[in-house]
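With chain V held as given, fit chain B onto it using these hints.
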Amino acid sequence: MLSVRYRKVLALLLSLALVMSMAAISGCTPDDGEPAEEPTDDIQMGGTFKFYISQPAFIDPVNLQESEGTQVGQAVFDSLVTFDPLTSEVKPAAAESWESNDDATVWTFRLVPGAKFHNGREVTAQDFKYAWERICNPDNESEISYHLSAVKGYDEMQAGEATELEGVTVVDDTTLEVTLSYAFADFEYVVGHPALAPVPQEEVEADPAAFGKMPIGNGPFKMSEPWADDQYVKVEKFDEYYGQEPYIDGIDFMILADQDTAYLEFQAGNMDFVQIPTGQIQATIDEYGESPDGYTSNPGEQTILGTEQAVYFILLNNTDEVLQDAEVRKAFSLAIDRQAICDTIFEGTRIPASGIVPEGIVGFQEGGFEYSKYDPEAAKEVLAEAGYPEGEGLPVIKLEYNTGSGHEDILQLVQNDLKAIGIESELAGMEWAQYLDKLDAKEYQSGRLGWIADYPIMDNFLYPLFKTGSGDNYSAYTNPEVDAMLEEARKTVDDDERVELYQEIEKKIGEDAPLIPVMYYRHTRVASDRVMDGIFSPNGLFHFESVWLKQ
Amino acid sequence: MIKYVFRRILQMIPVFIGVTVLLFILRAPGVLPGDPVRMITGERPISDALREQIIKKHALDQPLHKQYYIYVTNLLKGDLGESYQRRTSVVDIFADKFPNTLRLALAAIVIEIIVGIAAGIISAVRQYSFSDVFVTLSTSVLVSVPVFWLGMLLQIFFGIRLKEWTGGAVFLPMSQMSSSQFPDWVHLILPAITLASVSTAYVARIMRSQMLEAMGQDYIRTAEAKGLTRRAVIFRHALKNALIPVVTFVGIDFGVMMSGAILTETVFSWPGVGREIFLAVGQRDWPVVMGGVIIIVVIVMIINLLVDLSYAVLDPRIRYGGAQE
Numbered sequence: 054m055l056s057v058r059y060r061k062v063l064a065l066l067l068s069l070a071l072v073m074s075m076a077a078i079s080g081c082t083p084d085d086g087e088p089a090e091e092p093t094d095d096i097q098m099g100g101t102f103k104f105y106i107s108q109p110a111f112i113d114p115v116n117l118q119e120s121e122g123t124q125v126g127q128a129v130f131d132s133l134v135t136f137d138p139l140t141s142e143v144k145p146a147a148a149e150s151w152e153s154n155d156d157a158t159v160w161t162f163r164l165v166p167g168a169k170f171h172n173g174r175e176v177t178a179q180d181f182k183y184a185w186e187r188i189c190n191p192d193n194e195s196e197i198s199y200h201l202s203a204v205k206g207y208d209e210m211q212a213g214e215a216t217e218l219e220g221v222t223v224v225d226d227t228t229l230e231v232t233l234s235y236a237f238a239d240f241e242y243v244v245g246h247p248a249l250a251p252v253p254q255e256e257v258e259a260d261p262a263a264f265g266k267m268p269i270g271n272g273p274f275k276m277s278e279p280w281a282d283d284q285y286v287k288v289e290k291f292d293e294y295y296g297q298e299p300y301i302d303g304i305d306f307m308i309l310a311d312q313d314t315a316y317l318e319f320q321a322g323n324m325d326f327v328q329i330p331t332g333q334i335q336a337t338i339d340e341y342g343e344s345p346d347g348y349t350s351n352p353g354e355q356t357i358l359g360t361e362q363a364v365y366f367i368l369l370n371n372t373d374e375v376l377q378d379a380e381v382r383k384a385f386s387l388a389i390d391r392q393a394i395c396d397t398i399f400e401g402t403r404i405p406a407s408g409i410v411p412e413g414i415v416g417f418q419e420g421g422f423e424y425s426k427y428d429p430e431a432a433k434e435v436l437a438e439a440g441y442p443e444g445e446g447l448p449v450i451k452l453e454y455n456t457g458s459g460h461e462d463i464l465q466l467v468q469n470d471l472k473a474i475g476i477e478s479e480l481a482g483m484e485w486a487q488y489l490d491k492l493d494a495k496e497y498q499s500g501r502l503g504w505i506a507d508y509p510i511m512d513n514f515l516y517p518l519f520k521t522g523s524g525d526n527y528s529a530y531t532n533p534e535v536d537a538m539l540e541e542a543r544k545t546v547d548d549d550e551r552v553e554l555y556q557e558i559e560k561k562i563g564e565d566a567p568l569i570p571v572m573y574y575r576h577t578r579v580a581s582d583r584v585m586d587g588i589f590s591p592n593g594l595f596h597f598e599s600v601w602l603k604q
Numbered sequence: 093m094i095k096y097v098f099r100r101i102l103q104m105i106p107v108f109i110g111v112t113v114l115l116f117i118l119r120a121p122g123v124l125p126g127d128p129v130r131m132i133t134g135e136r137p138i139s140d141a142l143r144e145q146i147i148k149k150h151a152l153d154q155p156l157h158k159q160y161y162i163y164v165t166n167l168l169k170g171d172l173g174e175s176y177q178r179r180t181s182v183v184d185i186f187a188d189k190f191p192n193t194l195r196l197a198l199a200a201i202v203i204e205i206i207v208g209i210a211a212g213i214i215s216a217v218r219q220y221s222f223s224d225v226f227v228t229l230s231t232s233v234l235v236s237v238p239v240f241w242l243g244m245l246l247q248i249f250f251g252i253r254l255k256e257w258t259g260g261a262v263f264l265p266m267s268q269m270s271s272s273q274f275p276d277w278v279h280l281i282l283p284a285i286t287l288a289s290v291s292t293a294y295v296a297r298i299m300r301s302q303m304l305e306a307m308g309q310d311y312i313r314t315a316e317a318k319g320l321t322r323r324a325v326i327f328r329h330a331l332k333n334a335l336i337p338v339v340t341f342v343g344i345d346f347g348v349m350m351s352g353a354i355l356t357e358t359v360f361s362w363p364g365v366g367r368e369i370f371l372a373v374g375q376r377d378w379p380v381v382m383g384g385v386i387i388i389v390v391i392v393m394i395i396n397l398l399v400d401l402s403y404a405v406l407d408p409r410i411r412y413g414g415a416q417e
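Just so you know, the protein sequences line up as chains V and B, in that order. Heads up, the first sequence is in my numbering, so the first residue is 54 and it goes up one at a time. Heads up, the second sequence is in my numbering, so the first residue is 93 and it goes up one at a time.
Just chain B, with the same shape it has in the complex:
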């Protein structure tokens, strides 16, 4: 097991190099339009003398491999450079934003797991019942609703209409800073529901189909024949086996959420990493783009590793490492 983890960590190195090299090639002159000096000094014309100084300062006159070497050396020292646009340290920018993204992603994942799995189990266990039809239909609706639209609907309903109907007594904050009378976690409710919506629907559907498949297996019949309670059959036997694809999905989804949810973050003005990187791409703020992508790559790789390791816990047949693999 330890050997396996170690090997997986070693495998991260070429992935990491691949990503950084790719990003560097993208910013090479001529690959994407836009003059980097202009990104730094703005749209107004500048003198040649100033231009030269800026090129020197940012090592833009060095060959690409040398720039890469400088970048990686700094990176290993924990320095991701400085934003072209805002002149602040990239590490500081993301140190500000990642906790927000993490909070939102965790809240969304919790909703996704609890609601998605519960709905999936209920509709599988009571196939073709009222609840099954309701789950199947409402997940179809949720999957096809654009996230930003759902977000705005929730804002209008819980932020404005509810406030009107209750004379200002009951409502939810529509953006992170809108109403300081609420404790912090309340601000999470609407964005977390919005972010979780589509994934929850998927989890419910995967869960439903997996459960249905598991319930038809021989070992379930055996368990039932042994005289186990229905509850024990569902939770101890069927669920555990049906969970693996769900865990895979949730794990990947968590990685995606950690890289930022641009639409949700925008609608709810949530200061997360997605928007930061999105804006930086538009402004060709390379240090921010590179730094952000590198941090995300590392996080996603770690999450993937954890997901793989969790399979071993869920399914005793899966063992990592050594000759058994």
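The following block holds chain V by itself, in its conformation from the complex:
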């Protein structure tokens, strides 16, 4: 038998071993992934795709708003049009063809005849009208009714003065005519939003709560069972789908509370598509290989890091005493080292923004905002010309932000950059709700905001953010020339001409530097090695129609 002293030492060592083994487990590195494999042509049918999402707010189109619910919604529903998963160009979906009149105020959509809902009933133009009116009905308190704000009669419905959308006419079962209250040549992109899909009135009205949990759509996949709150949403292939039959049998959208847990599940082989946790980007690339185009995943090329249709910017209040001077704003913009922010804070998973419209949007141009680049010397000169040499005479600029999402780290770097050209600034963090209230009331000096595209069009970045009086124009920028050009662009039916005009508008706005684009977002996802030709689009939606699973 061991002496008492030895036993105590042994106990101590055992306890130590416990601590060490904990550390050891966490430090282990997994085996190397499989070597890159050439994608084959023999597509295999079947299999269930396990897709990680966090808890959605809604999966019913009536309030389909955030990325997670929209992911499910786009699998279960088809809107009139859809977008090419790589080029974002508009393509037919529930509508086989469409056209507008000369000034883009009246749009006619012809539906695919014989397309069915998952309950077996044929989809008609009336179902679109019903679905859209359901969204605009103030009783439903939809957060996404603004998608339809261009449609004639929208304001009346929102105000509770009308029960129908005046501008939506059912010509016959397969023809839908939409009249807008203003010209909008990009409206065909708007109707591609997954929230604007048709819904069967009889199913909604039979039990609205049940429909919310188990919506019946017209898309390639139908719900297998009601959404299990905080657990999963399961969908399976819809046999009577009018479009191309998907290769996979179904999708299990697994709802996990924590992306670290999701990533562990992925590493254990239980998940096919997850978000990469912070700090793991390089390790993931090393182990699973990087997708060559940033969007398409095949074995050995599984890490998805393509640009997202979103931009992060510094907001400047253009009515502020100091910041109403465009020269000061330009100096501000030239002072910021965007690359340093992307590299030090985001492991290079974001890229410096050279304009307000990000990559992946039809018409994207490099250098859309003239002053959206890092040039501290030029910044100093501009500042001196504005009458503040070395920042002399400038008050301390207040940089406000919402706490808890890492913005402080970014703004601290901005603060240092500003200091380098002589501008003193102070940070002020607050709750998101309070922050939004301040932005709304324009009671702020400078701040931050992210903007994610609803549709892959330049208008989506330019009109809401810079049109005089727009509710999203938080910087209170106003330029009659730009306003006129924005209206003009919306009326321009020719696609190329319109895009050109928008590019011109972006440059024009950029000359005034009303706000400061900082970076474009990038995806940080990884797919399993059985995912073949899986495309995660720039708009953040997975293209389930083309993916297949290696059995």
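I should point out that these hints are in silico values taken from the structure, not numbers from a laboratory. By construction, the Cβ of each residue, glycine as well, lies at the ideal position given by its N, Cα and C atoms. Check each hint, because a few of them may be wrong.
[As the list claims (entries may be wrong)] Okay, the calculated bits of chain B under chain V, using three or more residues with CB under 8 angstroms as the criterion:
(1) 130-140
(2) 248-261
(3) 358-367
[As the list claims (entries may be wrong)] Looking from chain B toward chain V, a few residues come up when the C-beta cut is under 7 angstroms (computed):
(4) GLY122
(5) ASP127
(6) ASP188
(7) MET266
(8) SER267
Below, chain B alone, put in the same frame as chain V:
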């Protein structure tokens, strides 16, 4: 006894009113930032006409006391309102979540009681032995390990490494839905151990010190002198007296667990009440916050009552009710 229970239940009423009033004051305009209409309609701007309609519908234009009256009247009918964010009934949301929380809490409490008490007794009875030093040191470690970290370690060890080492034969599920081949209770193992870890360590320590104290008492010496077996002395005499503080701790801990274990629930994606309320607070989803807190308050009050009543069983000197109190 019945009188005592009745009185305790009556005492719950002012507590309940206090809590609901406090919650109502918190949501009064100007107390916490954030516009309630915005919480309902999202971040995009809305028209004034729509804003007015929403304010009317949710009675946000009424004075606070009137809103309180409406809320309590509905509450008495079993209606906790509708979530601002998800537009579903708050009662339904928690009816979904409470069974999960209860299962997890019960499993954790069972571990806490069995492991904690056993470890405490062993280390007290064999003071300064190998097992005592091991228990004392490992409980110190457990108490200082962050729960989420322990959870992730367990996940990596039992979910990934074990699977690799055994060629996929032996492993445990890392989150509630990860591997449907397991029976339901298996999913409980890792979260329950994680949730129980810190409390088990505390129970072991309380148990140890209480036992040591009890073992030094005169009546123990008497019992030993009577010639009772060591087993009888420990379990019949010392343990019963040493248990009271442990029961108090476990009871309070159970109440805490019932109000949700946010970290454990998050790491293991366990769909419980803690996370629901935590998220609702972040989204200023007042009906969910209020409903959740009210349900928890009621449960905690009931558990406290049960704990108090259990003292009478453990210690014959404690009697409730009447003039003896």
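Hints, one by one, checked against the model:
no.: 1; hint: 130-140; verdict: holds (count 10)
no.: 2; hint: 248-261; verdict: holds (count 7)
no.: 3; hint: 358-367; verdict: holds (count 7)
no.: 4; hint: GLY122; verdict: violated, 11 angstroms
no.: 5; hint: ASP127; verdict: holds, 6 angstroms
no.: 6; hint: ASP188; verdict: holds, 5 angstroms
no.: 7; hint: MET266; verdict: holds, 6 angstroms
no.: 8; hint: SER267; verdict: holds, 5 angstroms
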